Amino acid sequence: MSEKQFSNPVVRWIDHRLPIFTFLNHEAHEYPTPKNLNYFWNFGSLAGIALVVMIITGIALSMSYTAHVDYAFESVERIMRDVNHGWLLRYIHMNGASFFFIVVFIHIFRGLYYGSYKAPRELLWILGVVILLLMMATAFMGYVLPWGQMSFWGATVITNLFSAIPGVGEAIVSWLWGGFSVDNPTLNRFFSLHFLLPFVIVGVVVLHLVALHRFGSNNPLGIDTKGPQDTLPFHPYYTIKDFFGLSVFLTFFAAAVFFFPNFMGHPDNYIPANALQTPAYIVPEWYFLPFYAILRAVPDKLGGVLAMFGAIAVLFILPWLDRSPVRSGRFRPVFKIFFWLLLADCVLLGYIGAKPAEGVYVLIGRLATVWYFVHFLVILPVLSVIETPRPLPQSISKPIFSGSGGMVGAAAAPKEKV
Amino acid sequence: MANIKSTKNARDAAEPQKSRRDFIVVATYAMGAVGAGAFVWPLIDQMNPAADTLALASIEVDVSKIAEGQSITLKWRGKPVFIRHRTATEIAEAEKVISADLRDPEEDIARVQKPEYLVVLGVCTHLGCVPLGQKVGEVRGEYDGWFCPCHGSHYDSSGRIRKGPAPTNLEVPPYSFLSDDVIRIG
Chain A
1 MSEKQFSNPV
11 VRWIDHRLPI
21 FTFLNHEAHE
31 YPTPKNLNYF
41 WNFGSLAGIA
51 LVVMIITGIA
61 LSMSYTAHVD
71 YAFESVERIM
81 RDVNHGWLLR
91 YIHMNGASFF
101 FIVVFIHIFR
111 GLYYGSYKAP
121 RELLWILGVV
131 ILLLMMATAF
141 MGYVLPWGQM
151 SFWGATVITN
161 LFSAIPGVGE
171 AIVSWLWGGF
181 SVDNPTLNRF
191 FSLHFLLPFV
201 IVGVVVLHLV
211 ALHRFGSNNP
221 LGIDTKGPQD
231 TLPFHPYYTI
241 KDFFGLSVFL
251 TFFAAAVFFF
261 PNFMGHPDNY
271 IPANALQTPA
281 YIVPEWYFLP
291 FYAILRAVPD
301 KLGGVLAMFG
311 AIAVLFILPW
321 LDRSPVRSGR
331 FRPVFKIFFW
341 LLLADCVLLG
351 YIGAKPAEGV
361 YVLIGRLATV
371 WYFVHFLVIL
381 PVLSVIETPR
391 PLPQSISKPI
401 FSGSGGMVGA
411 AAAPKEKV
Chain B
1 MANIKSTKNA
11 RDAAEPQKSR
21 RDFIVVATYA
31 MGAVGAGAFV
41 WPLIDQMNPA
51 ADTLALASIE
61 VDVSKIAEGQ
71 SITLKWRGKP
81 VFIRHRTATE
91 IAEAEKVISA
101 DLRDPEEDIA
111 RVQKPEYLVV
121 LGVCTHLGCV
131 PLGQKVGEVR
141 GEYDGWFCPC
151 HGSHYDSSGR
161 IRKGPAPTNL
171 EVPPYSFLSD
181 DVIRIG
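The listed protein sequences derive, respectively, from chains A and B. So that you can map any letter, position 348 of the first sequence is 348 in my numbering, and since no number is skipped, the others follow by simple counting. So that you can map any letter, position 167 of the second sequence is 167 in my numbering, and since no number is skipped, the others follow by simple counting.
Source of the hints: derived by calculation from the structure; they are not laboratory data. Be a bit skeptical, because a hint or two may be false.
[Stated by the list, open to error] Computed cross-link-like contacts, SDA-like style, restricted to lysine to any residue with a CA-CA straight-line distance of at most 20 Å: (1) B/K79 <-> B/V130; (2) A/K241 <-> B/A36; (3) B/K96 <-> B/A110; (4) B/K96 <-> B/E116; (5) A/K355 <-> A/D345; (6) A/K241 <-> B/T28; (7) A/K241 <-> B/V25; (8) B/K75 <-> B/E171; (9) B/K114 <-> B/V172; (10) A/K355 <-> A/F243; (11) A/K241 <-> B/V123; (12) A/K241 <-> B/A33; (13) A/K241 <-> B/G35; (14) B/K163 <-> B/V130; (15) A/K336 <-> A/H375; (16) A/K241 <-> B/D22; (17) B/K135 <-> B/I91; (18) B/K135 <-> B/S71; (19) B/K163 <-> B/K114; (20) A/K35 <-> A/R189; (21) B/K65 <-> B/D180; (22) B/K79 <-> B/A57; (23) A/K241 <-> B/G32; (24) B/K79 <-> B/Y175; (25) A/K301 <-> A/K398; (26) A/K355 <-> A/W286; (27) A/K398 <-> A/G227; (28) A/K355 <-> A/F263; (29) B/K96 <-> B/P115; (30) B/K163 <-> B/V123; (31) A/K241 <-> B/V26; (32) A/K241 <-> B/A27; (33) A/K241 <-> B/I91.
Given the structure is predicted, the values throughout are model-derived calculations rather than measurements.
For reference, chain B alone in the conformation it holds in the complex (with noise of 0.2 Å):
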């Protein structure tokens, strides 16, 4: 071992500090990070939304057949879609809050694109139930809307928080009119 460490000796004395074999170290380091990393990203990326997944992401459907005051739930992306005809007292009501005074300030024009057709996610905002309030007779809360009954939240007929613990209102999902009736959300 001795002899080893006195050529050493000798070789870092004789070479610059900076010497070829330190770029070539280092060089290497940086290659073997670089594979490691183009083997390790697969690994992690393989979790992420399969193609096929990614394919089904959107949903049409065709709201002319949703009569005045009634709902619907459709299931986009493994989570429930609700989308209400709104009665045009539903809509007044909606149009004639004041958004400054909400937790979640948001008019109601803002929500939709078409003021007959709500179209919101159904999961609560607090802790991801599915509130009440699509099906005839269920309770609606006190702002006409839906009811979390998980933890008490009220939403309005905009969908927005009124009271209860929600923090935000009910989430618009991405959608566009694909004509007159049909909706393609997604």
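Next comes chain A alone, as it looks inside the complex (with noise of 0.2 Å):
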């Protein structure tokens, strides 16, 4: 990169020992965009505000939380009731929690219907992937900490998921608990990774960044930029649009915070946890129903344990399921009906996930985790050979062509503002 000549003084002695400045300016301000990216494509930043917001008020929350099985619920409580603003920083932390799911979910299914993983952007989604099962992780360890009943049970129907494996289960499941059961070290390990995992995150969000930065944003037509022409500077026309973005997500945000704190949540949380009863009706958090229902569709403990880990372990091949060498769903009528039937799927098993396993659901259940991933493993290959895509546009700047069915591509691409 080339030395940016700054105005300031301090900024250039600065920046010619350590080009900190240049890297910004290239990166944050020049770098250029394609200009036709909408609204889907504020949801990357969305989840990087996101991952901070819950970094600052975990960090303030770990001030005063205790990681020990006598203490920790009461704990959580001198937080909601004593500490100078516990109450908000907690419902941030936890109400964060869903709305980072949710902006990372939007961010993926964005990706899915505009081929953002095909090539040159393979290892950008594996990455992606890598960030989703990070914030599993570390979502199901900070979801023990209160040590609720939810807390605690969920602590224990994941962590004996590990039992399924043959042979070394039981040593692994002990491994994992430090004792016999979901005990005091188990908390005290949990909090220690739910403090350590989200930083690993930021790592790997740094790497998902500057795989990001070598090729740029895909965008709504799924076709490279082919110059200045295609491309905005990504200051300021990104970053108000971000801004944009983000005063929106804060609305909805500060309404489930200040308004429906508890809606996302399960009212047995707040019950002690207790060793000697299992809750009636136990289901994960929101975010975790579509696995939890592909667990659960399987009469297999081992088989259900594949299935869920298979469920996110198949996106991480994605790129070589889906061959076909048009990018965006915009010219793949086929595969367009395919992704709204793939998300509703998804939508269906998160239903199923939070019913009761029995009757009917569980045969809908096991139907949805056969479509999933024959979606994925069947669908997309074939569709690869078999689908004849939409004519692609010349150029972003160039959206108009002739030939029939270009139609759809054409009068969607170009009403992006400059």
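Could you fit the two chains together into a complex? Lean on the hints.
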């Protein structure tokens, strides 16, 4: 990168020795970004902000939290009642987890629809799936910390997943627990790891951004930028767009924090953990429900666990399952239908995960699980071969082209304001 | 980019110096600053003493059980409080000192509510050690009060600094007599 001349002499002095301002200018100011990004491209920066909010409120909460089975529940109640603004910090952190997942799920489905996982962005996508896995581990361990009934039994159920591993399962679970059941050592290590993992996520996010900036953002047309006429500098065009999106996001977030703080939680978690009694009706946090439904869909312990982890693992190989050279779903009429089916399937799985595992829910859960894997393992590879995509526009700045089939893409693309 | 710049220039020329756009920009920054402040303040204030900590910030003690010449040590707000039931000799010693000669001039009468009972924080004003002199047989320093072993400060029977590096007298905490015998500290 070339050294830019800054007018401020102090900035110039520092930048000559440590080119941090050149770096920032290059990556956050002049960084050429496709000019046709729609609002679905806001969710990456929103996820980053959500992560920062979680880390900041989490550090504040950790100052008043006690990671001990005898004090954890009461220390959380003390945060709610006695610590200055503790209720606010905890509600932000609690709902922040949910909103972080909402934002990330939208971000992921954006990538799925517009083919953001395809070459040359495969590693970018894989790093994103790694972030998702780390987020899930972090969220799970964070949910254990208040040491309510759902914390305790959630921890028991999830750690017991590993007992399904043949041979060494029991030993692994005992190692995870640090004892013969979920107890004080478990709580202590979960607190430690819950503190550590967000910083690991930050590290992977940095890699995610490095990979992103290698080729730049994908865009709704899914075609490569062909020159300066196709791009805008990131600042001010996308900083202001991201800020606008952020203010909309914060409106919803604040509404949840201030008016419905416990809407996405479970009332049983306000009952202190009791190792002698499982709640009658146990469900994970909503963002785990689709995976929980897949776990329960398979009538075999090991099979269920494998299916659940497989549901994420399949995302790692997605760039090689969908071989279609066309990225954006806009130009793939059949893929588009299956995309919406997949989204509906995931919502359905979430619904089934919240329902008791009995009667018709079991059957629907199994069908939805099968469909999830069929989509990735059968439909996408087959579609890459048999689907005839619509003609692609020549470039982002010249989306109009001759040809009968292209009007949908052409009509949708140039409406983005510049 | 060129045509974007030229439209901007045309607009600037058409509008007066302080445009409506400037107002919107400043208002936006101001609202952003207020919002950021509203988020940052709870993060800072959560480190201040919590409500339950403040609720435990005062203690009550019955001083009638302290024999003349005896001292007791209490814990108040995490710090030791010395209550000494002074003998007539100690009171006399403390009162006859000419306070103007002291490093931190203060009359004995200004440091007690009842002359028999001296209530001071047992924290050396030098660097925060707990002075000796509470228990029978402990060094009381050269002025019949307390002696701080850390750096050798001598306090008299009114808790005033008389010798050594400490800059001020032992602090008298806020307290009041709820009845003849019961003191409430804090």
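Now the hints, each set against the structure:
no.: 1; hint: B/K79 <-> B/V130; in the structure: holds (9 Å)
no.: 2; hint: A/K241 <-> B/A36; in the structure: holds (19 Å)
no.: 3; hint: B/K96 <-> B/A110; in the structure: holds (13 Å)
no.: 4; hint: B/K96 <-> B/E116; in the structure: holds (15 Å)
no.: 5; hint: A/K355 <-> A/D345; in the structure: holds (15 Å)
no.: 6; hint: A/K241 <-> B/T28; in the structure: holds (14 Å)
no.: 7; hint: A/K241 <-> B/V25; in the structure: holds (15 Å)
no.: 8; hint: B/K75 <-> B/E171; in the structure: holds (15 Å)
no.: 9; hint: B/K114 <-> B/V172; in the structure: holds (13 Å)
no.: 10; hint: A/K355 <-> A/F243; in the structure: violated (38 Å)
no.: 11; hint: A/K241 <-> B/V123; in the structure: violated (58 Å)
no.: 12; hint: A/K241 <-> B/A33; in the structure: holds (18 Å)
no.: 13; hint: A/K241 <-> B/G35; in the structure: holds (18 Å)
no.: 14; hint: B/K163 <-> B/V130; in the structure: holds (16 Å)
no.: 15; hint: A/K336 <-> A/H375; in the structure: holds (12 Å)
no.: 16; hint: A/K241 <-> B/D22; in the structure: holds (19 Å)
no.: 17; hint: B/K135 <-> B/I91; in the structure: holds (19 Å)
no.: 18; hint: B/K135 <-> B/S71; in the structure: holds (7 Å)
no.: 19; hint: B/K163 <-> B/K114; in the structure: violated (26 Å)
no.: 20; hint: A/K35 <-> A/R189; in the structure: violated (46 Å)
no.: 21; hint: B/K65 <-> B/D180; in the structure: holds (12 Å)
no.: 22; hint: B/K79 <-> B/A57; in the structure: holds (11 Å)
no.: 23; hint: A/K241 <-> B/G32; in the structure: holds (15 Å)
no.: 24; hint: B/K79 <-> B/Y175; in the structure: holds (15 Å)
no.: 25; hint: A/K301 <-> A/K398; in the structure: violated (55 Å)
no.: 26; hint: A/K355 <-> A/W286; in the structure: holds (12 Å)
no.: 27; hint: A/K398 <-> A/G227; in the structure: holds (12 Å)
no.: 28; hint: A/K355 <-> A/F263; in the structure: holds (17 Å)
no.: 29; hint: B/K96 <-> B/P115; in the structure: holds (13 Å)
no.: 30; hint: B/K163 <-> B/V123; in the structure: holds (16 Å)
no.: 31; hint: A/K241 <-> B/V26; in the structure: holds (18 Å)
no.: 32; hint: A/K241 <-> B/A27; in the structure: holds (18 Å)
no.: 33; hint: A/K241 <-> B/I91; in the structure: violated (76 Å)
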